Structures are given as C-alpha cells and as structure tokens.
Amino acid sequence: MSITRRKFLKGSAAGLGCLGISSVTGFRYVSKAHAEELAAQKVKYVASSCAICTNKCVFRGQVVNGVIKRLEPQPEFAKGRGMMCARGNAGAWTPYDPDRVKYPMIRTGKRGEGKWKKATWEEAYAYIAEKTNKVVEEEGGHRSCIGFVSSEGTYHEHYWNQFRAVFGSPNSLRHPTLCLSSVIRGFMAVIGTYPSVDVINSPFIILAGADRAESIFTPDTMDMFSDRSKKIICLDPRFTKTAAKSTKWYPIKPGTDMAFALAMMNVIIGEGLHDKAYVDKYAHGFEQLTKHVKQYTPEWAAQETEIPAQDIREIAREFAGTPGAVFYPGRRSSWQGNDVETRRAIAMVNVIVGNFDRKGGLIPSVAIPTANYFYEPAWYTNSRPRLEEADVTFLNPRDGSWIPWRDRAIKGDPYAIRGLYIYKQNVVASLPNRNKTMELFDKMDIIVCVDTFMSDTAWHADVVLPETSYLERLDPPNGYGVNGIEPTLTIRQPLIKPMFDTRSGFEIVTGLARYFEDEDGFTLDEYFEGDVESHTRDAVADYPGALEMMKEKGFFTDGRTAPIGDYLSGKKAINTPTKKLELYSDDFKNRGFDPMPTYKKPADIGANKFRFVVGRHAIHTQSMTAAFPELNWHMPENTVWINAAKAKSMGIKSGDMVQLKNRTGGDVQIKAQVTEGIRPDCVYYANGYGSLSKGQPLVYGKGASQAQILEAHFEPISGNALMHETIVEIRKV
Amino acid sequence: MANKKLWTIVFDADKCIDCKACDVACKRENGIDAKGNQDVRRNWINTTGVVGTYPNLKQSFQPEQCHQCGNPPCVPVCPVEATYAKDDGVVVIDKDVCIGCTLCVIECPYEARYMTENDTADKCDFCAHRVAEGKVPACVDTCPTKVRVFGDMNDPNSAVAKLLKANPNAKVLHPERGTKPNLHYIS
Amino acid sequence: MINQERQEVAQRLLELVALLEYPTPEIAERCDLGCEELESRYIRLFVNNLGGVAAPPYAGCFLEKQDRLGFMSAFSGFCLEHGMAIDPAQPPDYIPMMMEVLAMHLSDDAQRETLLSLTADFYRDWPKGFAAALQEHDDVGIYVTVADEFCQILQKIDAELAAIPVRSN
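Chains as they are written, first to last, in the numbering used here: chain C, 673 to 1405; chain B, 202 to 388; chain F, 1052 to 1220.
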C-alpha cells in the first residue's frame, strides 16, 4: 500500500462522506423509459458485414435487449458461401471488450509509459493541431513531413485518405507492401490483372505457400476444401492445415518456388503439352520463353527445390492434361527478393496451358461499381514527392513501400518526417524489425493513433482517438474485398449505438479537419461534403432497390458474374503493353529487369542456422484477434516450430524456452514446439503475440512477436517487404 | 407416427479444415463462457495430430458432438431422471432436476458431456431453440466447408436420408457400445 | 427497510457512483494527489492499463458462473421490463450504472419480490470480485473503499429483505 493510500484512509476516518460530494445531482445513467421504446427492444436482427478480416462476410446480427448475442451467417451471401468463421463469430465480443479505447486520451508520461489523461474530442483535436502546425511551420510550411498510415477493410479509410490528400502530404503508407504487392505486380506483368481464381470449377490446384485452410479467403477456401474430389498440390516449407488437406505436400526449400514453375514450363513446352492454339493467338514471346526454359530441367529444379524430378515431371504433365487446372496465385507473397519474378513465372505456367479467362482458371475480377465519392483536391505550392519515390520501380502512391520509407524517415532523407497519423494499422506489430519502428517513433514530434483497442501502436502514441467498432456504425456500400467472380456490395449497419465516447472514422477526420487550413486559408472541413448516410444513398443510387436490399440482407447483387471469355473473344482488351499475355516483357527489359523470369539461387543460410517463415492461423487475423477471449484460449501463446530431428540434435524438447537471434539485432525468447511438420532448416511462429502493449492483456508477455524477429528487407520492383529473408540462430535458454 | 422427427447430423469429416468456427459459434449461440476450460464445450474437433516422419506426414480432423443416441447410456444412469430423450430423438437435460452427480458425464462413451460452473451436466441439444424456429444448429450453418448436414432421418426425402442412402459405408462412432447414435460419418 | 431508509441508501449509492466517475481536481486534492497523477491511476484501474484493465468496472468481468454477454442481456431485459432505460453508451453491466439501477428501485420503493429477484439474479458474485480486484490494485484508496461500502450496502439490503415476511395477498 502506498503512502498516498494510507494518507487517504487516515484522512477519511469519518467515512466517504467527508469527501464532500456536493455535486450529486441524481441519476447519470438510468432514466424512466417510454413504454413504446421498450417494446421495440426485445429481440431484433440487423444485417451487416464482418470487419475482422478482408472478406467482409455478411451476417444477421441478433440483438437481445440491446446486447449483441450472435452474428449468424447470412446464407444468401454467395461469396462467403453462407459461413461465419471462428473470428467472425467471436467478433460479437468486440464492443464490450473491457480493454477498448473508450475516449480520446492524451499521453501525460513518457511514450510507452502508459500514463494518460482523458480528453474531450475538441481538446484532443486542438492538441494534435497545435503540435502539427508547429512542426509544419518549422519545416517551412510543407505538409509532407507528416506520414499517414492506414489499413483498409472499412470504408472509413477513404475519409482518412481524403484527409491526407487535402492536408497535403503525399506520404501514405498502407499494408500491401507487407502482403501482396509482388503477386499483384507479377500477375499484372503477364496477364494484365491480379485475377480471381475459378476454384469451384478447377479440378487440380497447385498452391505455392497459399495456406487457404488457415488463411480463409472467400469463396476460395470453401470451394477448395468442400469438394474433396479436387487434386491439390501444396508447396510449403511447413506442414500447414492446407498441407494436411492436400493430395500431396512438398516441403519445398524456401525461395525456390520459381525453379518449380520454370521446370514445369520446361516439361510442358518441351513435351509439347502446352495449348498451342491459345498461345499462338493470345501470348507474346512464346518463342523466347521456349528457349529460355530449356535450361530449367526437372533434374536441375530437383536440386534447387528438393522436390524429386520425376514428381515435377508428373505434376507438369497432369497439370497440362487437366482442363481447368490452375497454379493458384496466392495472396501474401512478400517472401523473397525474387518474388515478382516468381509470381510472373507462376502466371506464365497458367498462360501456356491456356487457363486465363477460361473456366477453372484465372478470371479477371469484376465489381459492382458504386458512384464515386468525389472531393476537391487541395493544392500546395511547396508539396514534395514521396519520401521513397526513387527506391521502388512500380510504387503505388497510395500504398507506399514501408521498408524503404521507414529507413528514409529515420534518416530524414531527403526530408524530415516529424509526425505520424495512424489509422488502425498496428505498425509496431506488423512491420519487420520492431526496433527500427521504435527508432522511427522516437524521432516523431507527434504520433496520433486511431484504433478500437490499445494496440502496440496506440500504446506508443501521443494521442489515441477511439473509433466506433464495426458493429456500432454505418459503413457505406463498397465492393472492396467482395469483388471477384460473383461480385457483391456489402454494407455495415449499427447493431447497437456507439458506446463510450467513440466516433466513426468520418466523424474523426471531419472533426479534425476543422483545426487545419489549406494554403488559401480555408479550413479543411470545407472539402468534406455530405455525411455517411448521404454517401451510402449516393453510392448505389443507380441501382433501384439496392439500398433496401442491403438494409434488409446486408448485401446487394444484381446477379452479375464475371463474363468468362470476354478477353479471349476480344470484347475486352488484355491490360498489358502488348495487349497479349506476356511471356516476354519488353517493359521489364527496358526498366533493366529480366524480360523473362530468371532464376537466382537463394543465398546459403549457413550451417546450424534457420530461415524464419511466416504464416497464418485460421483463428487469427494477424495481430488483430489474438486478444479475443474466445479465440485466445485455442492458442493462449505462440510457440516456435522446430523440426523434430533437428531439435533432437540440438537437445531441444517441446516446452523448452529458446532464444532466436537474427542478423540485425533482433532477438526473442519463446517456447519450442518440436514437430515433424517443418523443414529442418526453417522455423516458424504465429503472428499476434508477444505484444509490447500492456493494453492487450491476453497477449502481453505471451509468446513472441514476429515484428521483433523479422529482419527488414525489401525488393525494389514492387516494394514488397521480404518476410522470408530472416536468418536466425537458436539456442536453448 | 408419420410426423415424428428423428434429428440427425451426417458428417463429411474429410471436409473439415479445423478452423474452430463450430466451436465459437456454439459457444456464442448457447451463451457458454468456458473461461479457458477446454472440457467445457458442446462440440469439438478430434485430430490425429501430425502423423508420420518428416516429410511423409498426414493429419486428419473429425468434428464431433453429442450423438443424441437412440439408446443413450447417459439416460438410465441418471438417479433423478433429469436426462431423457425427446420425441425427436434429441437427448436433453432438465437442469432444475439435475443434482450434479456426474454419472452421465462418466457414462457417455463419446465424452460429449461436461459439468457447468453451476454443477449441472450439460451438452449439445442440436440447438433445440433454433430448430424450433426452423433453423439448423449453429455449428451446421456457420461451417465454411459445410461438414455437417442436419435433417430428419425419418423423412426419406431429407438431405440426411439421401446422403446416408448414397453412402452405404457411412459409420457411427463406437458401434460396439450399441448406443444407436444419430451422428453418422460418411468420411 | 422503511421508505426513508431506502431513500437514504439510494442517495448514498448515487454518491458512490459519483466517486467512481472520472477524477476531478476536488477529489484529487482530497486524495493528496496531483490531478494528472490521479487521472493516470484511474485510467490504469478502469480504462486501459498495464497488463489489461486492473479492475474493469464491468460486473460481467467478475462472474464466476455466467457468460458476460448473456448476463448483460438479461440485466438489460430486467431494466426494460421495469420501465428503466439504461445508458446505451455503456455496456449494460457497467458497475456505476448497475448501482444506479439498484438506487432507482430503492427510491421507487419497489416491491420486495422485485428487489429480491434483482439482487439475487444480478448482484451476486461480482461485487466481491470487483472489491477484491481493487483491494489488490487500487493504490489510491478511494475506489476500494467505494467497492467495500457497496458490498456492505448489498448485505444490508439482503438482510432487510430476508427479515420481511413474504406478503400474502
């Protein structure tokens, strides 16, 4: 008991009465309700859509006496195949979590110390504006010194991006370069789009690391595993649940997936099994490719991949001989330095058997277009280019490239970054090399974080702004995450009123915008028009009945599906420079890259060292869900997978505490999980644990963080971070 | 009786990806807070674990819950007749009568029962409250790959009856116990 | 309890609610703490804390035998049935709000049966759990005192209710 407490108790000998609560004026929280209000309350259903991952599955939310009881799957929602996963079900807990961020808070202690005071929204806005305007002034008025970080999945991110744009900073950092930038770039280069896959009609699927059983993606996961007649070949250094459900699992050596794809083409072209008419008509560069892949024999690939040559040969033959066979593009592809080229090779395997724009193959996604929400751009005379503009060839200006951006921001090269405005991207947990992220934070004069929970990132911010949870607000319809072969529009509607002093993303940015001016002296809120309700109406004004359908069912579809064959018939043009499927890229050549995917052997990791591989788990969405009680008990902490034979040779048993050390000063301690299910030269543990934020109690101090062990590397074509280029040493503690 | 139902679930366990959707949906639907106790669950997923030696490995998953036995071993052991089979075949527990003696928990060959924090026995009842509203049990419709099919075995046109007819090799678990289960596995 | 006593207890509950509110300079002074220090301690106890909220002010977090969402729903339903609307900006099991619900029943001179079912169904395990959490973590002193007094009030109500014979009509 502290001195303070003793003092208090001594001073309160007369009981609490002496505190002199003079201002007790009556009831704060309870009132006499009107009878008709009560009658309306009992049990109601609200159609809405999930926000726990990118799929946006539609549900019927059951609310009993004003409390969310259950989020039931909406059986009519085609893309989700009428399911609700563990995470989606557990989402009902979100609004009531005692560890939610409840009202705006301003830091009063040191960063990360955990000392806060409650603020009103206006106090928080004023605090942010004062700090921000000061640094902007010190930087000569240029707004680029503020980095804007955000994460998609909700429509409200659009408002955040609008705020950044009218504020005048080009520095927008989103998640794709930690995820799928390289696969998008690789497939764009060959077929002009990052496609959907017609999994339901494909009898034969090759997966290179796409763990669809654990990384649930609609409708692919459902279609892939609910029809057990499909043949599935799984290449993964780790025996995932997808591996368990596959016809055949190959623990491929990391970084050699391209060798596998090249050898498949060697066999298919060499044996004349490719679709000749298709290639003649639609492909560009087949002759060059034919010559190029001659060197990549299955025997050669077997040395690289550690997959037997005969197996590669048989897989290639069966692949070419099975109509609708597909080499699945995958989604998270931020692995190795050759990832864009690897994905390009995989796209080409698909092209030579003629499955682009055909049943069972790669299908360009379609969306139900919504009316765009336009806003006036703001112009600033002294605006600067993005910080890392010179570092990445195909830099998406809205996504940025996290790794080089952070390096330059730390150095102030070519200009200083003084503040971070973060919207729900938990960068402290998601960026490789957490020490560097903390170094970046240390340089900042102002860090603002919008979130629903006390994430690691929020914990280290100066101001935390609480957003409403996805179950408490309206999100206008949009197709993000629900476009594809069977596109829909989904909506979010409030199941309950917003709790605590929380605001939607729209309310947050429009409130903040009032505290800033553009160059001409107009306050930035003048750039925002309408409100979430009007945007919701406007978005689907072209579709009679759409709004009503969405309000009732949570989604809208006009029944359209991707028109398979439109690109082959010439009705639509293939979106590449040659308007053909590019097996040879002049564009790549002109930019100084290999015109065709050219294999480069991954560097030897050295004896007794391990490559750290990342992966997913079906009960978690990255770092977001580990603290949900109903999910957490399935995996209270993460453990590092070590191959059984290897562990035995090192004297490590399951449950032993081990230390992992990378090459750039990152180290963690974590319990070992000895398993047959991983290559002897790799280790793995799940994401989401080892939280720095003591605000996430279930994962604080439990297991280890991926961000802490991953080294920070990136590849310069797409700007992707490389999640499989971390080499660690392990020792028993 | 022509109208009498026999509620049944047919499992295509080979479709199971061990994603735990059924577990969480059940807990939410039935208001079960296990407080981290792994024994407190109405359904669960059996797994062989990773079998074999690297790189020749296998693993399979088999979801399970109360079998709503036609000859339920849990019923006769109850000293106070708190547990009984309804007309539709679903075995239920009257919690007001249950004295918490745990005999039924011990007797069940499937380990489908558990003791609640209130010291009464509990288990799956095929979400009777949902079935009464014409819905299927929560574990059935929440499943991504639709492992379970729910229906009335007494109706020859039901999906479950047709599935069993089409899969003559369907099995029940622990047939040697003579429990006449109403869970059937076609894989 | 006679009506006047009930009114006094109800008033006292409202005072306890006031003490559980976000700290004011007035309270900070009484506690011999700077206001900012008291605020950060309050936040660590009840809002966002090192290792998770030390004493979440939500009854459902201290239930030993019940699911929190079910408890909230049932409590909310009870309030609605008895003509009381609770603040939708708080989870229904927000402890100060639950104190007010009890206070309102007392000040309305609710029927013995109603009070009995209210206290029996909704005010059982958790007050002691909340007090115990504060006993461990409240280094200010004021909050554990409030929680203890609340437990005493509940005991007093229980004793009074037990003493009155059931009214037979």
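Hints may contain errors.
Computed list of lysine-lysine pairs in BS3-like fashion (alpha-carbon distance at most 25 Å, straight line) [said to hold, decoys possible]:
| hint | chain 1 | residue 1 | chain 2 | residue 2 |
| --- | --- | --- | --- | --- |
| 1 | B | Lys287 | C | Lys1325 |
| 2 | B | Lys236 | C | Lys1225 |
| 3 | B | Lys236 | F | Lys1207 |
| 4 | B | Lys287 | C | Lys714 |
| 5 | C | Lys1261 | C | Lys1243 |
| 6 | C | Lys1320 | B | Lys259 |
| 7 | C | Lys1320 | C | Lys1031 |
| 8 | B | Lys236 | C | Lys1343 |
| 9 | C | Lys1374 | B | Lys259 |
| 10 | B | Lys336 | C | Lys1223 |
| 11 | B | Lys259 | B | Lys205 |
| 12 | C | Lys902 | B | Lys259 |
Quick caveat, the hints were computed from the structure, so don't treat them as lab data. Source: prediction; values computed, not measured.
Given hint lysine 1225/C paired with lysine 236/B - CA-CA distance at most 25 Å: Measuring from Cα to Cα gives roughly 34 Å; hence the hint is violated.
Proposed proximity, lysine 714/C with lysine 287/B (alpha carbon, max 25 Å): Cα-Cα ~29 Å, so violated.
Proposed proximity, lysine 1031/C with lysine 1320/C (alpha carbon, max 25 Å): violated (48 Å)
Hint consistency between lysine 902/C and lysine 259/B [alpha-carbon to alpha-carbon, up to 25 Å]: Distance of about 17 Å is within 25 Å: holds.
Lysine 287/B paired with lysine 1325/C [C-alpha distance capped at 25 Å]: Measuring from Cα to Cα gives roughly 50 Å; hence the hint is violated.
25 Å Cα cutoff - pair lysine 236/B, lysine 1343/C: holds (23 Å)
Lysine 259/B paired with lysine 205/B [C-alpha distance capped at 25 Å]: violated (42 Å)
Proposed proximity, lysine 1243/C with lysine 1261/C (alpha carbon, max 25 Å): Since the Cα atoms of lysine 1261/C and lysine 1243/C sit roughly 29 Å apart, the hinted pair is violated (cutoff 25 Å).
Holds or violated: lysine 336/B to lysine 1223/C, with C-alpha atoms at most 25 Å apart: Given that 25 Å is the threshold and the Cα spacing comes to 22 Å, the pair holds.
Straight-line alpha-carbon gap lysine 1374/C to lysine 259/B, limit 25 Å: Violated, at about 29 Å.
Restraint check for lysine 1320/C with lysine 259/B, where alpha carbons must lie at most 25 Å apart: The hint holds at about 21 Å.
Pair hint outcome, lysine 236/B versus lysine 1207/F [Cα-Cα no greater than 25 Å]: violated (31 Å)
Checked against the numbered hints listed earlier, the structure breaks hints 1, 2, 3, 4, 5, 7, 9, 11; every other hint is satisfied.
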